[in-house]
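**Q** As a plain string of letters, each chain reads:
There are 4 protein chains.
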Amino acid sequence: MNWEAILAPYSQVVKELKVKLKGMRAQFEYESKHSPIEFVVGRVKPVPSIIEKAEKKAIPLDEIDQEIQDIAGVRVVCQFVDDIYTVVEMIRSRNDLTIVEEKDYIARKKISGYRSYHMIIEYPVETISGMKIILAEIQIRTLAMNFWAINEHSLNYKYDGAIPEEIKNRLQRAAEAAFKLDEEMSKIKSEVREAQRVFRRI
Amino acid sequence: MNWEAILAPYSQVVKELKVKLKGMRAQFEYESKHSPIEFVVGRVKPVPSIIEKAEKKAIPLDEIDQEIQDIAGVRVVCQFVDDIYTVVEMIRSRNDLTIVEEKDYIARKKISGYRSYHMIIEYPVETISGMKIILAEIQIRTLAMNFWAINEHSLNYKYDGAIPEEIKNRLQRAAEAAFKLDEEMSKIKSEVREAQRVFRRI
Amino acid sequence: MNWEAILAPYSQVVKELKVKLKGMRAQFEYESKHSPIEFVVGRVKPVPSIIEKAEKKAIPLDEIDQEIQDIAGVRVVCQFVDDIYTVVEMIRSRNDLTIVEEKDYIARKKISGYRSYHMIIEYPVETISGMKIILAEIQIRTLAMNFWAINEHSLNYKYDGAIPEEIKNRLQRAAEAAFKLDEEMSKIKSEVREAQRVFRRI
Amino acid sequence: MNWEAILAPYSQVVKELKVKLKGMRAQFEYESKHSPIEFVVGRVKPVPSIIEKAEKKAIPLDEIDQEIQDIAGVRVVCQFVDDIYTVVEMIRSRNDLTIVEEKDYIARKKISGYRSYHMIIEYPVETISGMKIILAEIQIRTLAMNFWAINEHSLNYKYDGAIPEEIKNRLQRAAEAAFKLDEEMSKIKSEVREAQRVFRRI
Chain S
26 MNWEAILAPY SQVVKELKVK LKGMRAQFEY ESKHSPIEFV VGRVKPVPSI
76 IEKAEKKAIP LDEIDQEIQD IAGVRVVCQF VDDIYTVVEM IRSRNDLTIV
126 EEKDYIARKK ISGYRSYHMI IEYPVETISG MKIILAEIQI RTLAMNFWAI
176 NEHSLNYKYD GAIPEEIKNR LQRAAEAAFK LDEEMSKIKS EVREAQRVFR
226 RI
Chain B
26 MNWEAILAPY SQVVKELKVK LKGMRAQFEY ESKHSPIEFV VGRVKPVPSI
76 IEKAEKKAIP LDEIDQEIQD IAGVRVVCQF VDDIYTVVEM IRSRNDLTIV
126 EEKDYIARKK ISGYRSYHMI IEYPVETISG MKIILAEIQI RTLAMNFWAI
176 NEHSLNYKYD GAIPEEIKNR LQRAAEAAFK LDEEMSKIKS EVREAQRVFR
226 RI
Chain D
26 MNWEAILAPY SQVVKELKVK LKGMRAQFEY ESKHSPIEFV VGRVKPVPSI
76 IEKAEKKAIP LDEIDQEIQD IAGVRVVCQF VDDIYTVVEM IRSRNDLTIV
126 EEKDYIARKK ISGYRSYHMI IEYPVETISG MKIILAEIQI RTLAMNFWAI
176 NEHSLNYKYD GAIPEEIKNR LQRAAEAAFK LDEEMSKIKS EVREAQRVFR
226 RI
Chain V
26 MNWEAILAPY SQVVKELKVK LKGMRAQFEY ESKHSPIEFV VGRVKPVPSI
76 IEKAEKKAIP LDEIDQEIQD IAGVRVVCQF VDDIYTVVEM IRSRNDLTIV
126 EEKDYIARKK ISGYRSYHMI IEYPVETISG MKIILAEIQI RTLAMNFWAI
176 NEHSLNYKYD GAIPEEIKNR LQRAAEAAFK LDEEMSKIKS EVREAQRVFR
226 RI
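Residue numbers (our numbering), protein chains in the order written: chain S, 26 to 227; chain B, 26 to 227; chain D, 26 to 227; chain V, 26 to 227.
Hint data in this document are derived by calculation from the structure and do not stem from the laboratory. None of these values were measured; they are calculated from a predicted model. Please note that a few of the clues may not be correct.
Same chains, same names: a pair is fine if it fits in one copy or spans any two.
As the list claims (entries may be wrong) - Heads up, simulated BS3-like pairs for lysine-lysine below, C-alpha to C-alpha not over 30 angstroms straight-line:
#, residue 1, residue 2
1, 78, 193
2, 58, 78
3, 134, 157
4, 205, 183
5, 81, 47
6, 47, 128
7, 205, 82
8, 81, 157
9, 214, 183
10, 43, 193
11, 81, 212
12, 214, 134
13, 193, 157
14, 157, 205
15, 183, 128
16, 157, 43
17, 70, 193
18, 183, 157
19, 214, 135
20, 205, 193
21, 214, 78
22, 81, 128
23, 58, 193
24, 47, 82
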C-alpha cells in the first residue's frame with residue numbers, strides 16, 4: 026500500500042485545521058482580547074498505530090476511513106478550563122465543517138484521571154482527484170490536562186494498557202496535582218485576562 | 026483605523042490559500058507525478074499601497090473590501106507555460122471558492138511585456154465574529170515570467186509608472202529573453218516531466 | 026533611531042539559538058532517547074520595553090547592548106525538574122558561546138514564587154558588517170514553572186509591579202500547585218522516561 | 026545502519042546554514058539595501074544517492090563523511106550574476122566556517138552548459154555527543170542558472186548521465202536562453218537595484 030498517498034488527504038486536513046484554529050488565536054490578539062486558544066498542534070496517526078487499531082477492532086483496511094475517527098487529529102490547548110467551552114462554541118458555529126460527535130471528559134473524567142473535550146468532525150477537503158469528506162478528531166484541553174495526558178499516554182504505551190497498580194496510583198496523584206493547578210488558576214483567571222488586555226493595548 | 030484588525034481576515038485568507046495550493050503540490054509528489062505548481066507565495070497588500078490605490082481611484086475607505094480586489098494576493102509559480110492552464114483548471118474545479126473574473130495576460134500580453142494569468146475569487150473565511158466573503162487575487166506564472174515581473178514592478182515603483190524610454194527598451198529585451206527561455210523549456214518539457222516521474226519513484 | 030536595523034543582530038541570535046537548541050531535541054529523538062528539551066521559544070525584547078528598562082535603570086541608549094542582558098531571549102521548557110540541569114550542562118559544554126552568568130531560581134526561588142534557571146551568554150554572530158558579540162539570556166524551566174510565570178508576568182504588568190496582597194496570595198497558591206505538580210511528576214519520571222524510550226523504538 | 030542518527034549532524038548543519046544565510050538577506054532589507062541573496066534552500070543528500078555515489082567511487086561507508094563533500098548542501102539563489110560574487114565574499118569573511126575548496130563554473134562553464142559557483146566548507150556543529158566538523162557544499166547561482174540546472178538534473182537522472190544527443194542540443198539552447206536572460210538583466214541591474222532601495226524606504 027502507498028500509505029503516503031492514502032494519508033495525503035488526512036495530512037492536508039490537519040494542515041488546514043491548524044491554519045484555521047491558529048488564525049482564530051491571531052484574530053483575538055489583533056483585537057487585544059484574551060485568546061481562548063493558547064496553542065494548536067496536529068498530527069496524522071502513524072501507520073503502525075493505524076494498523077494496530079484496525080487489527081484490535083477487526084476493521085478491514087478499506088474501511089479505516091469510516092471506522093477510525095482519529096487518523097487526522099488536532100489538539101487545541103487552552104490556559105483556563107472555561108476557555109475550552111469557548112473554543113467548543115466557536116467550532117460549533119463554523120460553516121466549513123460538520124460535527125459528528127462530542128465527548129466531554131471534563132464534566133465526566135475517565136477513571137484513569139484523563140480529562141479533555143473531544144469533537145469528531147467531518148471536513149470537506151479538495152484534493153487533486155476531487156473533493157473528499159474526511160473524519161477528524163479535535164481534542165481541547167488546558168495546559169495542565171495536556172501535561173498529564175502526555176505522560177499517561179507514554180505509560181499506557183509501555184505497559185500495553187496494563188499500568189501496574191503502584192504506578193497507576195502515582196499517576197492518579199499527579200492528575201490531582203494538575204487538577205488542583207487548574208482550580209487555582211481559575212481563581213485568578215479574571216485578573217489575568219484583564220491583565221492581558223491591558224498588556225496588549227500598550 | 027485599526028488596520029491590523031481590518032486586514033486580519035485577508036491575512037487569514039492568504040494563509041489558507043497558501044496551505045491549500047501548497048497541499049496540491051505535495052499530493053502530486055506523493056503520487057510521483059510532475060507537479061504543475063513549483064512554489065506558492067502570498068502577501069496582504071501593504072497599508073500605504075491600499076491607501077494610495079484608494080486615493081487614485083477615489084474609493085471611500087469603507088468600500089475598499091468591494092472595490093480593491095487584490096488586498097489578499099497569492100502567486101502560483103510554475104515550471105512550464107502549460108502548467109499554468111492545469112493550475113487554472115484545478116482552481117476552477119474547487120468547491121471552497123467562487124471565481125469572479127479571469128484575465129489571461131499570456132494569450133494577450135500587456136504592452137509592457139507583462140505575462141501572467143490572473144483570477145479574482147470570492148473566498149468564504151470563518152472569523153471570530155462569523156463568516157465573511159473576501160475577494161482575493163490569484164496570479165499564475167512561469168518562473169521566467171515571475172523573474173521579469175518582479176523587476177518591472179521595482180522599476181515602475183521607482184519611476185512612478187513613467188519608466189524612461191531607454192530603460193523601457195532594455196526591459197523589453199529582458200522580457201523577450203524570458204519569453205525565449207519559456208519557449209526553449211517547452212521544447213524539452215515532455216522529456217523533463219517524464220524524468221521527474223522516474224526520479225520520484227526511485 | 027532605526028530600531029529594526031539595531032535589533033537585527035539580536036533577532037539573528039534568537040533565530041540561531043532556537044535552531045541550535047531545537048536541533049538538540051531532534052538528535053535525542055533520532056537516537057530514541059528521552060529529550061530533556063520539550064520545546065524552545067524565543068523573542069527579541071519589544072522596543073517599548075527596552076526604552077522603559079533603560080529609563081528605569083538610567084542606561085544611555087548607546088550602552089543598552091552592554092547593560093541590558095535580555096534583549097535577545099530564548100526559553101527552553103522541560104518536562105521534569107532534573108531535565109533543567111541536563112540542559113544547563115549541555116549549554117555549558119558548547120564551544121559556540123560563552124557563559125557570563127548563571128542564576129538558579131529553582132534552588133532558591135524568588136519570594137513571589139518564581140522558579141527558573143537563567144544563563145547570560147555571549148554569542149558571536151556574523152552580520153553583513155562583520156562579527157559582533159551579543160549578550161543573550163537563556164531561561165530554562167519546567168512546563169509547570171512556565172505556566173505559572175506567564176500568568177505572573179501578565180499580572181505584574183497590569184499592576185506595574187505592585188500586585189495587591191489578595192491577588193498575590195492567590196498567585197502564591199497557584200505557585201504551590203505548580204510546584205506540587207512538578208514534585209508528583211518527579212515521582213513517575215523514571216517510569217515515563219523508560220516508556221518514551223520504548224515508544225520511540227517501535 | 027541508523028541513517029537518521031548518522032545524518033542528524035548534517036541535517037543540523039543545513040538548518041544552521043540556512044538560518045545564517047537567510048539572516049543576511051533580512052539584514053540587507055532592514056537597512057533598505059538591495060540583497061544579493063534572493064532565496065536560500067537546503068537539503069541533506071537522500072540515502073539512496075549517498076549509497077550510489079559511495080559505490081560508484083568505491084568509498085567505504087565509514088569514510089563517506091570525509092569523501093562525500095555534498096551530504097549537507099545549501100543553495101543560494103541570486104537575482105544578478107554580480108550578486109554571486111558578493112555572496113562569495115561574504116561567505117569568505119565569516120569566522121564560523123572554513124573554506125576548503127572553491128570552483129567557479131561561471132567563469133568556466135561546464136560543457137553541458139551548467140553554470141554555478143561552488144564552495145566546499147568545513148563547519149563545526151555542536152551535537153549531543155560533542156562538537157563535530159562537517160563538510161558541506163554551498164552552491165551559488167542566479168535564478169536563470171538555477172532554473173536550467175534543475176531541469177538538467179532531472180534529465181541526467183532519467184538517462185543515467187547519458188542524455189541523447191537531440192535532447193542535449195535542446196538543453197543547450199535552453200542554457201543559451203537562460204544565459205541571454207542573465208545578460209539582459211545585467212543591463213538593467215543598476216536601475217533595478219536603485220529602484221529597490223527607493224521601494225524599501227517608502
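**Q** Does each hint hold? Answer for all of them.
**A** Evaluated hints:
Taking CA atoms no more than 30 angstroms apart as the test, residue 78 paired with residue 193 passes inside one copy only; the shortest distance there is 23 angstroms, against 48 angstroms between copies. Taking the shortest alpha-carbon separations for residue 58 and residue 78, only the inter-copy value of 25 angstroms comes in at or below 30 angstroms, while the best intra-copy value is 41 angstroms. For the identical chains of this complex, residue 134 and residue 157 are neighbours neither inside a copy (34 angstroms) nor across copies (37 angstroms), given an alpha-carbon limit of 30 angstroms. In the homo-oligomer, the alpha carbons of residue 205 and residue 183 lie at most 30 angstroms apart both inside one protomer (27 angstroms) and across protomers (25 angstroms), since each shortest distance falls under that limit.
For the identical chains of this complex, residue 81 and residue 47 are neighbours neither inside a copy (34 angstroms) nor across copies (36 angstroms), given an alpha-carbon limit of 30 angstroms. For a Cα distance limit of 30 angstroms, the shortest separation of residue 47 from residue 128 inside one copy, 23 angstroms, qualifies, whereas the shortest one across copies, 33 angstroms, does not. When the C-alpha separation of residue 205 and residue 82 is checked against a cutoff of 30 angstroms, the pair qualifies neither within a copy, at 36 angstroms, nor between copies, at 39 angstroms. Taking the closest pair of Cα atoms, residue 81 and residue 157 come within 30 angstroms of each other only inside a single copy of the chain (27 angstroms); across copies the shortest separation is 44 angstroms, beyond that limit.
Proximity of residue 214 and residue 183 under a CA criterion of 30 angstroms is satisfied inter-copy only: 13 angstroms between copies versus 36 angstroms inside one chain copy. Taking the shortest alpha-carbon separations for residue 43 and residue 193, neither the intra-copy value of 33 angstroms nor the inter-copy value of 36 angstroms comes in at or below 30 angstroms. For the identical chains of this complex, residue 81 and residue 212 are neighbours neither inside a copy (43 angstroms) nor across copies (32 angstroms), given an alpha-carbon limit of 30 angstroms. For the homomeric pair residue 214 and residue 134, the shortest alpha-carbon distances inside one copy (22 angstroms) and between copies (23 angstroms) are both at most 30 angstroms.
In this assembly of identical chains, residue 193 and residue 157 lie within 30 angstroms of each other by CA distance neither inside one copy nor across copies; the values are 42 angstroms within and 43 angstroms between. Taking the shortest alpha-carbon separations for residue 157 and residue 205, neither the intra-copy value of 43 angstroms nor the inter-copy value of 40 angstroms comes in at or below 30 angstroms. For the homomeric pair residue 183 and residue 128, the shortest alpha-carbon distance inside one copy (26 angstroms) is at most 30 angstroms, but the shortest distance between copies (37 angstroms) is not. In this assembly of identical chains, the alpha carbons of residue 157 and residue 43 lie at most 30 angstroms apart whether taken from the same copy (18 angstroms) or from different copies (19 angstroms).
Taking identical chains as interchangeable, the C-alpha atoms of residue 70 and residue 193 lie at most 30 angstroms apart only when both belong to the same chain, with a minimum of 26 angstroms there against 43 angstroms between chains. In this homomeric assembly, residue 183 and residue 157 never come within 30 angstroms of each other (Cα to Cα): the closest approach is 36 angstroms inside a single copy and 34 angstroms across copies. In this homomeric assembly, residue 214 and residue 135 come within 30 angstroms of each other (Cα to Cα) both inside a single copy, at 25 angstroms, and across copies, at 22 angstroms. In this assembly of identical chains, the alpha carbons of residue 205 and residue 193 lie at most 30 angstroms apart whether taken from the same copy (18 angstroms) or from different copies (18 angstroms).
For the homomeric pair residue 214 and residue 78, the shortest alpha-carbon distance between copies (27 angstroms) is at most 30 angstroms, but the shortest distance inside one copy (40 angstroms) is not. In this assembly of identical chains, residue 81 and residue 128 lie within 30 angstroms of each other by CA distance solely inside one copy; the values are 22 angstroms within and 51 angstroms between copies. Within a single copy, residue 58 and residue 193 get their C-alpha atoms only as close as 40 angstroms, which misses the 30 angstroms cut-off; across copies the closest is 23 angstroms, which meets it. Taking the closest pair of Cα atoms, residue 47 and residue 82 never come within 30 angstroms of each other, the shortest separation being 34 angstroms inside a single copy and 35 angstroms across copies.
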